[in-house]
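Between the sequences and the hints, there should be enough to build the whole structure, so can you do that?
2 protein chains.
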Amino acid sequence: MAANLRLFGSVVHLCKRHAGMLQRYSSNTSQISEEVQKLLSLKEQLGDAKPQKFQLKTPKGTRDYNPRQMAIREGVFKTIINCFKRHGAETIDTPVFELKETLTGKYGEDAKLIYDLADQGGEILSLRYDLTVPFARYLAMNKISTIKRYHIAKVYRRDNPAMTRGRYREFYQCDFDIAGQYDLMIPDAECVKIVAEILSELNVGDFIIKLNNRLLLDGMFAVCGVPEDKFRTICSAVDKLDKTFWEDVRSEMVDEKGLAPEVADRIGEYVRLNGQLELVEQLMQDEQMMKNKMARQGLEEMKLLLTYCQLFGVLNKVSFDLSLARGLDYYTGVIYEAILTSTAEKAQTDGADKNESVGVGSVAGGGRYDGLVGMFDPKGKKVPCVGVSIGIERLFSIMEAKAEAAEGKVRTTETQVYVASGQKNMLEERMKLCNLLWEGGIKTELSYKKNPKLLNQFQYAEEHGIPFLAIIGEQELKDGVVKVRNTSTREEETFPREKLLDEIRTRVSSS
Amino acid sequence: MAANLRLFGSVVHLCKRHAGMLQRYSSNTSQISEEVQKLLSLKEQLGDAKPQKFQLKTPKGTRDYNPRQMAIREGVFKTIINCFKRHGAETIDTPVFELKETLTGKYGEDAKLIYDLADQGGEILSLRYDLTVPFARYLAMNKISTIKRYHIAKVYRRDNPAMTRGRYREFYQCDFDIAGQYDLMIPDAECVKIVAEILSELNVGDFIIKLNNRLLLDGMFAVCGVPEDKFRTICSAVDKLDKTFWEDVRSEMVDEKGLAPEVADRIGEYVRLNGQLELVEQLMQDEQMMKNKMARQGLEEMKLLLTYCQLFGVLNKVSFDLSLARGLDYYTGVIYEAILTSTAEKAQTDGADKNESVGVGSVAGGGRYDGLVGMFDPKGKKVPCVGVSIGIERLFSIMEAKAEAAEGKVRTTETQVYVASGQKNMLEERMKLCNLLWEGGIKTELSYKKNPKLLNQFQYAEEHGIPFLAIIGEQELKDGVVKVRNTSTREEETFPREKLLDEIRTRVSSS
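So the sequences go chain by chain: C and P.
Going by UniProt numbering, the residue at position 215 of the first sequence is 215; the numbering climbs one at a time, nothing skipped.
Going by UniProt numbering, the residue at position 136 of the second sequence is 136; the numbering climbs one at a time, nothing skipped.
No wet-lab data here; the hints were simulated from the structure.
It is possible that part of the hints are untrue.
Identical copies go unnamed one by one, so any copy, or any two together, can satisfy a pair.
Cross-link-like lysine-lysine pairs, in silico, DSS-like; alpha carbons within 27 Å at most [what the hints assert, rightly or not]:
1) 293 to 450
2) 432 to 78
3) 78 to 449
4) 100 to 60
5) 112 to 478
6) 450 to 317
7) 78 to 409
8) 154 to 112
9) 57 to 382
10) 449 to 293
11) 409 to 453
12) 230 to 317
13) 240 to 230
14) 443 to 78
15) 143 to 57
16) 379 to 303
17) 85 to 499
18) 240 to 257
19) 57 to 379
These figures come from a predicted structure and were not determined experimentally.
Shown next as structure tokens:
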């Protein structure tokens with residue numbers, strides 16, 4: 001196969017040359033026919049093996065991470081995990097695929113985006129679509145009724161990728177959830193706090209965390225005159241407000257979903273409202289609303305949540321927004337969505353259409369889902385849960401762009417010492433010295449060439465940001481010493497071999 | 001659906017009772033028919049929704065990791081990543097699936113174990129089977145000719161799982177590879193060093209790293225009289241020596257693969273040999289061998305490799321073993337396999353059959369594969385590579401068993417302070433204090449109950465190994481102080497609120 005590929009490579013190469021020649025010497029027919037002959041004879045050599053359409057790529061909507069991107073990714077993860085740990089979370093992991101039936105009936109219309117595995121005999125499996133459903137399955141399966149856990153892993157959606165804006169078919173989610181029967185809004189407020197901490201620490205610009213409540217939404221729908229069997233579908237329509245204009249949403253409600261125009265208009269009045277505690281107070285004056293049990297409870301929860309946000313010092317980061325609906329069916333109470341406001345603003349003033357800009361600003365979302373675990377428990381036993389998911393890919397893209405703009409070198413290794421020699425036949429001695437440093441816990445590299453040039457070794461250290469070189473030659477070996485060179489200052493000092501480890505340790509800890 | 005599930009749960013419950021009764025009161029027919037009536041009426045309530053065969057499980061051959069297992073897993077990863085970084089490696093990541101054609105023709109007979117994704121329109125995809133082929137694809141796609149990288153990720157094989165022994169269908173691989181045109185055996189020796197460091201640091205008992213060379217194997221086959229077109233299939237047969245006895249391997253060679261019995265016997269003489277540098281010397285006296293170019297080069301490489309292993313201080317951990325063959329087609333030079341000897345010995349003296357014990361002892365493997373990247377390059381450009389893969393799941397299992405045996409508590413969170421109060425209506429004050437500690441970078445938790453009992457809060461801190469409590473009440477608030485309680489000594493000290501962060505920091509850094 002390798003030989004065929006090589007041959008095929010030659011054909012491709014000749015084709016390219018051929019094409020180039022057609023442009024440059026289109027009159028020189030003899031040269032062309034010569035090339036054609038070469039092509040034909042090469043094709044003959046390929047014999048039966050047709051040139052395969054061999055694609056050297058990753059699947060649509062996915063990407064590799066190179067070492068530089070990995071260094072940035074690890075930095076982002078570190079910030080996020082530190083925050084989760086600061087809030088006392090444990091971590092779990094679940095398989096990348098689940099029984100297909102585990103995912104069935106959890107995602108509404110989005111179920112069409114689930115990746116299925118081929119039926120190769122045995123169980124019918126699907127790749128996980130999010131981390132929430134596997135978490136609920138885990139709780140029910142292990143009969144766990146209280147846990148505070150984070151889970152960082154990749155999820156899969158056969159969506160239309162928009163990779164330049166950080167939207168992939170394979171992407172990380174960083175989920176933090178609190179399960180357990182607790183007093184109202186205390187864990188819910190901690191989730192808001194966590195999103196605020198992470199976005200602040202990552203330094204990705206201004207952001208706002210929109211808050212709303214499914215109970216309040218349903219109460220509001222009832223007050224406006226939406227029939228109960230249309231709550232969920234009307235909620236889906238409202239959810240599109242972050243991507244399209246009210247006029248479009250209204251026409252979806254009226255023309256597609258058969259809502260009376262005056263009902264839609266009443267909804268329109270409410271969903272334009274946003275604010276903080278004063279908005280809660282205002283809605284609490286709305287007699288219609290207060291007569292509805294769901295709306296009343298939703299408003300009371302919002303009041304508590306905003307009060308707790310204030311105590312956690314994040315009131316200035318949140319907005320109580322009646323247009324926030326969230327797509328997923330399983331939310332039962334508070335819902336969250338964090339958006340980057342500086343990015344969205346920029347895109348809008350640039351004249352990008354709303355669909356392309358505002359929606360992309362979303363970097364975290366979540367809410368309360370008190371019924372999901374019960375869907376897995378054989379006896380329907382409920383475990384109340386609330387959680388948030390950080391949309392990490394968008395944040396990676398921003399951090400990458402920032403690193404790009406800063407033009408600073410991102411170190412992709414942590415090597416502290418490069419063992420070098422300028423003399424021949426020093427390989428074995430370099431290896432021994434390297435081993436001494438490894439055994440001492442020093443991050444060390446050496447050239448894999450038998451007799452590398454000293455200058456090349458200096459250059460390697462400089463290019464890779466390795467702070468020190470340990471240099472030996474005949475004289476150093478005879479004297480039992482090692483020369484230590486500081487890569488940036490180019491200063492050199494000589495130490496007895498037995499003191500080398502200590503001297504290096506002192507230097508790397510202060511550098 | 002939740003209601004149906006609950007109902008279904010009741011049916012299952014009654015069925016179980018029913019079965020139990022049949023055993024206990026098999027004569028009591030009236031009670032049985034009563035139960036049957038109950039069952040039938042419940043079944044009726046279910047209506048059209050047939051009781052689903054709802055399975056609350058992870059897919060075959062996979063598992064969840066609970067927080068305790070995650071804590072152990074993170075410890076193992078830390079040791080491994082530290083080692084990779086000590087050797088100057090960068091890291092990359094690739095998608096969990098590849099185009100199916102990327103995997104085609106790389107795994108020989110094992111290709112049947114590849115998981116395919118369903119064809120949902122679009123590209124034909126498969127889950128990755130290892131990290132080596134995606135690495136080679138990555139190098140060719142990005143035209144990289146030198147890199148030293150590690151990659152830790154899950155791979156997928158539709159194999160027969162043996163989960164108690166750490167064999168799963170979804171499992172982690174930890175790969176370290178060095179790509180580049182370098183002098184003979186220098187990177188190859190570093191791979192051996194890395195395996196030795198990791199297995200020593202993880203403290204999983206005695207181990208041996210078997211070494212061999214595909215060139216030497218092929219030369220040996222030629223010397224024994226194996227026809228060249230049978231080298232790979234005979235190599236596959238030799239590979240089974242770690243799982244079955246020579247007699248079985250011999251009969252596979254002779255009866256199934258048509259090798260002359262005397263040729264098989266000659267191979268049998270060689271594959272029982274193992275040793276170190278003295279074995280190299282012995283084979284170098286073998287005139288037949290030294291006449292064969294491949295065998296000669298293989299032996300010269302082994303000599304160099306063992307010399308370098310000595311310089312790296314790991315000669316006592318390696319064995320030059322002519323029976324080591326490795327299954328995969330793509331190896332072209334040195335091959336490695338590390339096995340835990342204490343485990344294997346134990347299993348054997350326990351009388352377990354060879355298939356069950358020795359093979360399981362394998363915890364790392366790898367080798368040189370100079371042709372694989374060329375299979376992806378359109379021009380067939382080769383990039384020499386050598387690497388090792390750590391079989392981490394087996395190591396997890398051992399570490400878990402050790403933790404189990406030690407009976408020590410594995411902490412699954414890192415919380416440093418639990419904010420508590422023994423008085424009512426202190427929730428808001430607890431939240432404010434919690435926020436103060438979070439803002440100061442202290443890992444802090446609080447009870448999500450409005451008015452939790454003090455004793456419950458003490459108990460929570462004790463059970464979760466949280467070293468300190470920060471306690472407030474009316475008096476503390478009035479005095480502007482906080483009481484700090486040491487969970488293990490139960491000593492309490494009181495500090496002014498503004499000094500709290502410093503006092504806590506001093507205490508957690510020394511605890």
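Intra/inter-copy verdict for residue 57 and residue 382 if alpha-carbon distance must be at most 27 Å
Answer is between; shortest inter-copy Cα gap is 18 Å, intra-copy 45 Å.
Should residue 112 paired with residue 478 be assigned to within, between, both, or neither, using CA atoms and 27 Å as the limit?
neither (73 Å within a copy, 59 Å between copies)
Is it within a copy, between copies, both, or neither that the alpha carbon of residue 449 lies no farther than 27 Å from that of residue 293?
Intra 78 Å, inter 24 Å, cutoff 27 Å: inter-copy only.
Can you give me the call for residue 57 and residue 379, within, between, both or neither, at a CA distance of at most 27 Å?
between (47 Å within a copy, 16 Å between copies)
Between the shortest in-copy and the shortest cross-copy C-alpha distance, which are at most 27 Å for residue 240 and residue 257: within, between, both, or neither?
within (14 Å within a copy, 65 Å between copies)
Indicate which option fits the pair residue 154, residue 112 if close means a Cα-Cα distance not exceeding 27 Å: within, between, both or neither.
Result: close both inside a copy and across copies, 18 Å intra and 26 Å inter.
Can you tell me if residue 85 and residue 499 fall within 27 Å by alpha carbon in one copy, between copies, both or neither?
between (39 Å within a copy, 23 Å between copies)
At 27 Å max between alpha carbons, let me know whether residue 240 reaches residue 230 within a copy, between copies, both or neither.
So residue 240 and residue 230 pass the 27 Å test inside one copy only (16 Å; across, 64 Å).
Given identical chains, is residue 78 near residue 409, meaning Cα to Cα at most 27 Å, within a copy, between copies, both, or neither?
Classified as both: same-chain Cα gap 19 Å, cross-chain 25 Å, threshold 27 Å.
Regarding residue 78 and residue 449, is the shortest C-alpha distance of 27 Å or less found within a copy, between copies, in both, or in neither?
neither (36 Å within a copy, 30 Å between copies)
Which holds for residue 143 with residue 57 at a C-alpha limit of 27 Å: within a copy, between copies, both or neither?
Between copies, since 12 Å is at most 27 Å while 43 Å is not.
How would you label the pair residue 450, residue 317 (within, between, both, or neither) given a Cα cut-off of 27 Å?
Cα proximity of residue 450 and residue 317: across copies only (25 Å, versus 60 Å in one copy).
Going down the numbered hints, you'll see the structure goes against 3, 5, 12, 16, while the others check out.
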